[in-house]
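J.: Chain by chain, the residues:
Number of protein chains: 2
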Amino acid sequence: MSPPRETAAGPDKGTGPAVDARVTRTRQDILRTTLEVLTSQGLDGLTHPHLAEVAGYSRATLYNHWPNRTALLRDAFTWRGAGEHSQPGGDLRADLIAELTMFRTEMQRHGLDRALAVLAAVTAFTPELADVRDALVTDGERVNRALLAQVFQGDELDAAVLMLTGMVINSAVVHGQLPSDDLIAAAVDLVLRGRTGRRLDAPAGDEDRLQ
Amino acid sequence: MSPPRETAAGPDKGTGPAVDARVTRTRQDILRTTLEVLTSQGLDGLTHPHLAEVAGYSRATLYNHWPNRTALLRDAFTWRGAGEHSQPGGDLRADLIAELTMFRTEMQRHGLDRALAVLAAVTAFTPELADVRDALVTDGERVNRALLAQVFQGDELDAAVLMLTGMVINSAVVHGQLPSDDLIAAAVDLVLRGRTGRRLDAPAGDEDRLQ
Numbered sequence: 006m007s008p009p010r011e012t013a014a015g016p017d018k019g020t021g022p023a024v025d026a027r028v029t030r031t032r033q034d035i036l037r038t039t040l041e042v043l044t045s046q047g048l049d050g051l052t053h054p055h056l057a058e059v060a061g062y063s064r065a066t067l068y069n070h071w072p073n074r075t076a077l078l079r080d081a082f083t084w085r086g087a088g089e090h091s092q093p094g095g096d097l098r099a100d101l102i103a104e105l106t107m108f109r110t111e112m113q114r115h116g117l118d119r120a121l122a123v124l125a126a127v128t129a130f131t132p133e134l135a136d137v138r139d140a141l142v143t144d145g146e147r148v149n150r151a152l153l154a155q156v157f158q159g160d161e162l163d164a165a166v167l168m169l170t171g172m173v174i175n176s177a178v179v180h181g182q183l184p185s186d187d188l189i190a191a192a193v194d195l196v197l198r199g200r201t202g203r204r205l206d207a208p209a210g211d212e213d214r215l216q
Numbered sequence: 006m007s008p009p010r011e012t013a014a015g016p017d018k019g020t021g022p023a024v025d026a027r028v029t030r031t032r033q034d035i036l037r038t039t040l041e042v043l044t045s046q047g048l049d050g051l052t053h054p055h056l057a058e059v060a061g062y063s064r065a066t067l068y069n070h071w072p073n074r075t076a077l078l079r080d081a082f083t084w085r086g087a088g089e090h091s092q093p094g095g096d097l098r099a100d101l102i103a104e105l106t107m108f109r110t111e112m113q114r115h116g117l118d119r120a121l122a123v124l125a126a127v128t129a130f131t132p133e134l135a136d137v138r139d140a141l142v143t144d145g146e147r148v149n150r151a152l153l154a155q156v157f158q159g160d161e162l163d164a165a166v167l168m169l170t171g172m173v174i175n176s177a178v179v180h181g182q183l184p185s186d187d188l189i190a191a192a193v194d195l196v197l198r199g200r201t202g203r204r205l206d207a208p209a210g211d212e213d214r215l216q
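Chains as they are written, first to last, in our numbering: chain Z, 6 to 216; chain G, 6 to 216.
Excised from the complex, chain Z in its bound form (with noise of 0.2 Å):
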């Protein structure tokens, strides 16, 4: 798992620093084990019951610092965060396949499309968890859209991302299988030789018109 961040998962209960210290730790083993078993289980190990005694706490824990699935998966989501990153050095291709290819790795190591097809089954029936699907996902494509934003703009800026994001997403997570190294270098090729701006329905003319 990739460095967690901390979040404001509600008020501490402690009285002093150390309560607040063990009140974080069992919050954090809780979440971690949440998202362990949401990417080993799926949404039918989910149940306070069996993750109270997966994680080792009493279900009165449980429930007391979330009350039900929604507060739990929020938490554990928000704490899990879209994971790592990659570092763009310049080359634009190779940076988008970079970037593909470390979406690829939180999938492979981190279960990170089990997490993301979990997550879209629950926010799909649980409105209120939008915000943190918002959130992931605008995270997630944070580098891909900065990167694409060198030369794209406007809606063929968000089918850039949709597409090359949508693309290791529908492998891994619609066709059950990650995308392989030249299937990633491919889509890569295949947006950028389409940045030319030229629309396919224009008068041949105006083929280059913004080369």
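What the hints contain is simulated information worked out from the structure, not anything from laboratory work.
Any given hint could turn out to be false.
What the simulated footprint calls covered on chain G by chain Z, stretch by stretch (three residues with Cβ under 8 Å from a Cβ of chain Z suffice, anywhere in the stretch; the number is not a length) [as the list claims (entries may be wrong)]:
1) 46 to 58
2) 110 to 124
3) 160 to 171
4) 180 to 193
Label-pair restraints from in silico Cβ distances [to be verified]:
5) G:Leu183 with Z:Ala154: 17 to 25 Å
6) Z:Arg98 with G:Val156: 17 to 25 Å
7) Z:Arg37 with G:Arg98: 45 to 53 Å
For each residue, glycine too, the CB sits at the ideal point set by N, CA and C.
Once you've looked at the hints, dock chain G against the given chain Z.
T.: Chain G alone, transformed into the frame defined by chain Z:
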């Protein structure tokens, strides 16, 4: 719901035409209810007792036909199919836009986005349903793949299919927002402009070699 396909979902237990017809009707009632509950309540509603109540059959009837949730989901998704496709007219750009728009319509009208989210979340933890998912994905991509095969092959074809269908899936299922007409057109134009076969890391003089 688009016209469901008949499936061989296990041997009927009737002893004559009237009994066969009744069994078939019972099965279809329950499969239809399963999909309705799945796209309105998600996985949480998918228990035999709840489905029996909603469909108006006894729990015993449900357990008799489908001993567990995996068996029920197998038949429900197979019965559902991937939905309707567009009819290509010969203009590649217009045909791709029409097919992606039809994909969006299936999401909007028939809950295909939610069905896909649930299917992905279930299949990630239930490998025995992978063949059901693969059949749906293959049928879902069929028209887009045939259209794109007119101008792409190999990894580029796979990348183009995954990007265009992935753009709609990413937008609807991950972002929770159906793609606009402009976004679909921008994606199609981007991909079709990329069909020159030029590698971006190739020498400049080699740029147009496959045009």
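J.: Hints first: check each against the structure and report whether it holds.
T.: How the hints compare with the structure:
Given a C-beta distance limit of less than 8 Å, the hint that chain Z covers the segment 46 to 58 of chain G holds, as 4 residues qualify and 3 suffice. Here the segment 110 to 124 of chain G counts 5 residues with a CB under 8 Å from a CB of chain Z, which clears the bar of 3, and the coverage holds. Counting residues of the segment 160 to 171 of chain G whose CB lies closer than 8 Å to any CB of chain Z gives 10, so the stated coverage by that chain holds, three being the minimum. Residues of the segment 180 to 193 of chain G with a Cβ under 8 Å from some Cβ of chain Z number 9, which satisfies the need for three, so the listed coverage holds.
Range check, Leu183 (chain G) to Ala154 (chain Z): about 23 Å between beta-carbon atoms, so the 17 to 25 Å window is met. As the Cβ distance of Arg98 (chain Z) to Val156 (chain G) is approximately 21 Å, the hint placing it in 17 to 25 Å holds. At roughly 49 Å, the beta carbons of Arg37 (chain Z) and Arg98 (chain G) sit within the given window of 45 to 53 Å.
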